[in-house]
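Chains as they are written, first to last, in this note's numbering: chain A, 6 to 255; chain B, 6 to 255; chain C, 6 to 255.
Please keep in mind that the hints were generated in silico from the structure rather than gathered at the bench.
One should not assume that every hint holds.
No copy is singled out in the list; a pair is fine if it fits within one copy or between any two copies.
[As the list claims (entries may be wrong)] Derived lysine-lysine pairs resembling DSS-like cross-links, with alpha carbons at most 30 angstroms apart:
#  : residue 1 : residue 2
1  : 236       : 74
2  : 172       : 74
3  : 161       : 228
4  : 190       : 228
5  : 74        : 228
6  : 119       : 190
7  : 236       : 161
8  : 236       : 89
9  : 89        : 181
10 : 229       : 190
11 : 157       : 236
12 : 236       : 190
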Amino acid sequence: MIALSNDIQAIRTQQPLVHNITNFVVMNTTANALLALGASPIMAHAVDELPDLLGIASALVINIGTLDKTWIASFENAMLFAIKRHLPVVIDPVGAGASQFRTNTTLHLLKLAKVTAIRGNASEIIALAQQRVNARGVDSADNSDDAIQSAKNLSKQFHSIVVVSGKTDHCVLNDKVISVEGGSKLMTRITGMGCTASAIMGAFLAVNNNPLEACVNAMTCMKKCGEYAEKNSVGPGSFWTVFLDKLYSI
Amino acid sequence: MIALSNDIQAIRTQQPLVHNITNFVVMNTTANALLALGASPIMAHAVDELPDLLGIASALVINIGTLDKTWIASFENAMLFAIKRHLPVVIDPVGAGASQFRTNTTLHLLKLAKVTAIRGNASEIIALAQQRVNARGVDSADNSDDAIQSAKNLSKQFHSIVVVSGKTDHCVLNDKVISVEGGSKLMTRITGMGCTASAIMGAFLAVNNNPLEACVNAMTCMKKCGEYAEKNSVGPGSFWTVFLDKLYSI
Amino acid sequence: MIALSNDIQAIRTQQPLVHNITNFVVMNTTANALLALGASPIMAHAVDELPDLLGIASALVINIGTLDKTWIASFENAMLFAIKRHLPVVIDPVGAGASQFRTNTTLHLLKLAKVTAIRGNASEIIALAQQRVNARGVDSADNSDDAIQSAKNLSKQFHSIVVVSGKTDHCVLNDKVISVEGGSKLMTRITGMGCTASAIMGAFLAVNNNPLEACVNAMTCMKKCGEYAEKNSVGPGSFWTVFLDKLYSI
Numbered sequence: 006m007i008a009l010s011n012d013i014q015a016i017r018t019q020q021p022l023v024h025n026i027t028n029f030v031v032m033n034t035t036a037n038a039l040l041a042l043g044a045s046p047i048m049a050h051a052v053d054e055l056p057d058l059l060g061i062a063s064a065l066v067i068n069i070g071t072l073d074k075t076w077i078a079s080f081e082n083a084m085l086f087a088i089k090r091h092l093p094v095v096i097d098p099v100g101a102g103a104s105q106f107r108t109n110t111t112l113h114l115l116k117l118a119k120v121t122a123i124r125g126n127a128s129e130i131i132a133l134a135q136q137r138v139n140a141r142g143v144d145s146a147d148n149s150d151d152a153i154q155s156a157k158n159l160s161k162q163f164h165s166i167v168v169v170s171g172k173t174d175h176c177v178l179n180d181k182v183i184s185v186e187g188g189s190k191l192m193t194r195i196t197g198m199g200c201t202a203s204a205i206m207g208a209f210l211a212v213n214n215n216p217l218e219a220c221v222n223a224m225t226c227m228k229k230c231g232e233y234a235e236k237n238s239v240g241p242g243s244f245w246t247v248f249l250d251k252l253y254s255i
Numbered sequence: 006m007i008a009l010s011n012d013i014q015a016i017r018t019q020q021p022l023v024h025n026i027t028n029f030v031v032m033n034t035t036a037n038a039l040l041a042l043g044a045s046p047i048m049a050h051a052v053d054e055l056p057d058l059l060g061i062a063s064a065l066v067i068n069i070g071t072l073d074k075t076w077i078a079s080f081e082n083a084m085l086f087a088i089k090r091h092l093p094v095v096i097d098p099v100g101a102g103a104s105q106f107r108t109n110t111t112l113h114l115l116k117l118a119k120v121t122a123i124r125g126n127a128s129e130i131i132a133l134a135q136q137r138v139n140a141r142g143v144d145s146a147d148n149s150d151d152a153i154q155s156a157k158n159l160s161k162q163f164h165s166i167v168v169v170s171g172k173t174d175h176c177v178l179n180d181k182v183i184s185v186e187g188g189s190k191l192m193t194r195i196t197g198m199g200c201t202a203s204a205i206m207g208a209f210l211a212v213n214n215n216p217l218e219a220c221v222n223a224m225t226c227m228k229k230c231g232e233y234a235e236k237n238s239v240g241p242g243s244f245w246t247v248f249l250d251k252l253y254s255i
Numbered sequence: 006m007i008a009l010s011n012d013i014q015a016i017r018t019q020q021p022l023v024h025n026i027t028n029f030v031v032m033n034t035t036a037n038a039l040l041a042l043g044a045s046p047i048m049a050h051a052v053d054e055l056p057d058l059l060g061i062a063s064a065l066v067i068n069i070g071t072l073d074k075t076w077i078a079s080f081e082n083a084m085l086f087a088i089k090r091h092l093p094v095v096i097d098p099v100g101a102g103a104s105q106f107r108t109n110t111t112l113h114l115l116k117l118a119k120v121t122a123i124r125g126n127a128s129e130i131i132a133l134a135q136q137r138v139n140a141r142g143v144d145s146a147d148n149s150d151d152a153i154q155s156a157k158n159l160s161k162q163f164h165s166i167v168v169v170s171g172k173t174d175h176c177v178l179n180d181k182v183i184s185v186e187g188g189s190k191l192m193t194r195i196t197g198m199g200c201t202a203s204a205i206m207g208a209f210l211a212v213n214n215n216p217l218e219a220c221v222n223a224m225t226c227m228k229k230c231g232e233y234a235e236k237n238s239v240g241p242g243s244f245w246t247v248f249l250d251k252l253y254s255i
């Protein structure tokens with residue numbers, strides 16, 4: 006297994022371009038997380054320019070956070086171009102299960118093109134595996150065993166890695182599960198920490214040819230920076246500041 | 006009167022889902038303020054999913070900050086669904102008075118459905134009461150007496166609480182005025198502090214059945230966190246960090 | 006030459022309204038930078054209200070960062086209204102050269118109306134001068150001499166000041182070049198520092214009748230705040246906090 010430090014070194018050396026089509030809430034923070042880590046973010050969604058931009062990108066991250074119909078064509082086009090170029094693709098199904106629209110849109114995208122990894126919380130992963138509406142917004146209160154079983158099912162169905170993040174993160178490929186402990190409960194009190202995990206997964210996937218390792222390293226990186234930030238902050242405001250500083254110096 | 010501390014305790018226990026349809030500038034910061042306080046934000050605007058999401062929400066906050074025509078249908082639909090479910094609704098008429106478009110759009114929404122509370126600065130509230138264009142952007146230079154009179158008129162016209170925020174905040178219901186002193190002048194040097202006030206009003210309204218009390222408690226919470234942040238920061242950058250930390254620990 | 010301190014004093018006294026039509030990634034951070042400096046930001050794009058809002062603005066900043074077709078009419082309308090009112094106009098061609106769409110859109114806007122200043126990194130300025138696609142996302146790896154020559158050509162072609170920002174910033178008007186040293190390498194590890202420079206150029210142009218001086222002072226202000234922030238921070242998270250605090254106290 007390639008160590009976390011090797012991947013981080015590779016990110017800083019190669020500065021992979023990670024193309025994000027993401028939600029309005031986290032565009033700034035996920036771009037900053039990628040930059041702090043050493044990668045280069047592109048945040049762009051116009052169908053007119055996706056071929057040019059994906060032509061120079063090293064990974065694609067699709068995040069449906071502030072979904073509306075006008076963005077779906079961007080997701081579709083970007084995914085198809087990325088697949089054609091054999092780029093790693095991460096999808097973050099924010100709020101799947103909270104509305105039928107989100108569950109359906111995510112499943113539609115998963116059927117359209119094989120993605121490298123799907124990252125969500127337990128509610129989102131369970132909703133996708135069961136193709137239903139079940140959740141309480143974008144929060145997650147479902148139990149870990151259900152989530153892991155759903156992740157396995159989803160992984161087999163779509164031939165993708167499924168990462169369930171929560172108190173413990175589970176990186177699932179078919180029946181294989183690698184769990185990552187740690188982190189901080191403050192990570193649930195800052196918007197977009199899950200989106201940040203998905204974004205940096207794009208960077209790790211760009212430099213590590215073993216996708217499962219890349220996902221595990223990305224989640225481990227999140228957990229380590231979260232632990233450090235908790236120890237060195239007094240609330241969610243200072244937590245985010247310290248978290249970014251740590252992503253930079255890790 | 007239910008104390009501020011009771012409402013905050015209730016927010017932390019119930020973690021009410023506050024559905025925000027808000028502007029691009031503050032989506033991240035208002036989501037973070039709600040999370041720091043203990044509530045759960047949803048930021049979503051697609052008409053396709055509003056029934057699902059408002060079906061699980063405990064309050065709705067409409068903010069017209071980066072208004073364009075495509076968002077008006079989302080505002081309308083969300084307000085009508087929320088009213089149907091008897092959810093508290095807050096409207097933040099950002100920039101009303103700075104353009105006829107904003108004044109008209111806000112008045113249109115207020116006529117469409119009875120909202121629980123309208124929160125704006127003096128310029129915005131005066132412009133709405135007088136149905137005119139008068140302001141200098143989203144800033145406020147109008148005097149307090151005019152604003153309070155306008156708030157009373159607006160409150161009677163639309164059967165809503167009107168909160169005028171400024172150096173002193175005034176929570177107005179018909180002829181009743183409850184004023185809240187305190188805060189910090191640095192709050193005018195950080196974008197979206199008014200939007201933050203509107204967002205957390207959604208959380209307070211979700212847990213306190215007395216809407217006027219909820220609004221007073223929300224504004225008092227803003228003022229207290231602002232005072233604390235001013236004492237513990239050296240400028241607007243550190244102010245926001247400390248403000249979020251204090252929202253978390255208050 | 007009017008000193009930086011005079012311009013800053015004028016910004017704090019006059020609090021010029023700077024109208025920004027900018028990208029989703031930096032709407033919050035550039036609004037905060039303008040507020041910290043003492044200016045008043047407006048972030049609005051609806052064609053319906055541009056005449057009202059530009060009627061009270063003192064400068065216009067156009068930033069194409071998260072470009073799509075629906076925003077082009079806003080850029081066009083805003084520029085034409087601003088020119089009619091003799092307002093200073095800054096254009097930030099984010100990602101020009103990274104896609105043909107961005108290069109073409111920027112050139113289209115430059116041909117539509119004479120702007121006061123164009124600010125970009127070396128890649129963007131070279132791409133515009135050569136009307137081609139050349140870059141690696143929004144990063145810049147081109148050398149300084151090429152960039153200065155391109156800036157001179159672009160300045161002559163469009164009768165505008167061209168600011169090339171990078172390790173050293175170059176403010177170019179025809180064949181005149183004023184270079185500004187300093188800053189911090191951390192400025193490349195935070196999203197939107199270039200966008201911040203363009204935004205505050207709007208504020209400086211609003212208060213200083215000599216546009217080249219205004220641009221030089223804006224870039225000097227960025228460099229000084231960057232140097233201070235680097236000395237007083239440990240990574241990009243704390244850098245941005247300190248940078249905003251310094252913009253406020255400079």
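Structure-based check of each hint:
1. 236 with 74: So residue 236 and residue 74 fail the 30 angstroms test inside a copy (42 angstroms) and across (46 angstroms) alike.
2. 172 with 74: neither (32 angstroms within a copy, 41 angstroms between copies)
3. 161 with 228: Classified as within: same-chain Cα gap 26 angstroms, cross-chain 53 angstroms, threshold 30 angstroms.
4. 190 with 228: both (10 angstroms within a copy, 27 angstroms between copies)
5. 74 with 228: For residue 74 and residue 228, neither the intra-copy (34 angstroms) nor the inter-copy (39 angstroms) Cα distance is at most 30 angstroms.
6. 119 with 190: Neither: 33 angstroms inside a copy, 38 angstroms across copies.
7. 236 with 161: Classified as neither; 38 angstroms inside a copy, 51 angstroms across copies.
8. 236 with 89: For residue 236 and residue 89, the Cα distance exceeds 30 angstroms both inside one copy (44 angstroms) and across copies (45 angstroms).
9. 89 with 181: Within. Shortest intra-copy distance 27 angstroms satisfies the 30 angstroms Cα cut-off; inter-copy 47 angstroms does not.
10. 229 with 190: both (13 angstroms within a copy, 25 angstroms between copies)
11. 157 with 236: Neither: 34 angstroms inside a chain and 49 angstroms across chains, both beyond 30 angstroms.
12. 236 with 190: both (12 angstroms within a copy, 27 angstroms between copies)
Violation of the numbered hints given earlier is confined to hints 1, 2, 5, 6, 7, 8, 11; the remaining hints are satisfied by the structure.
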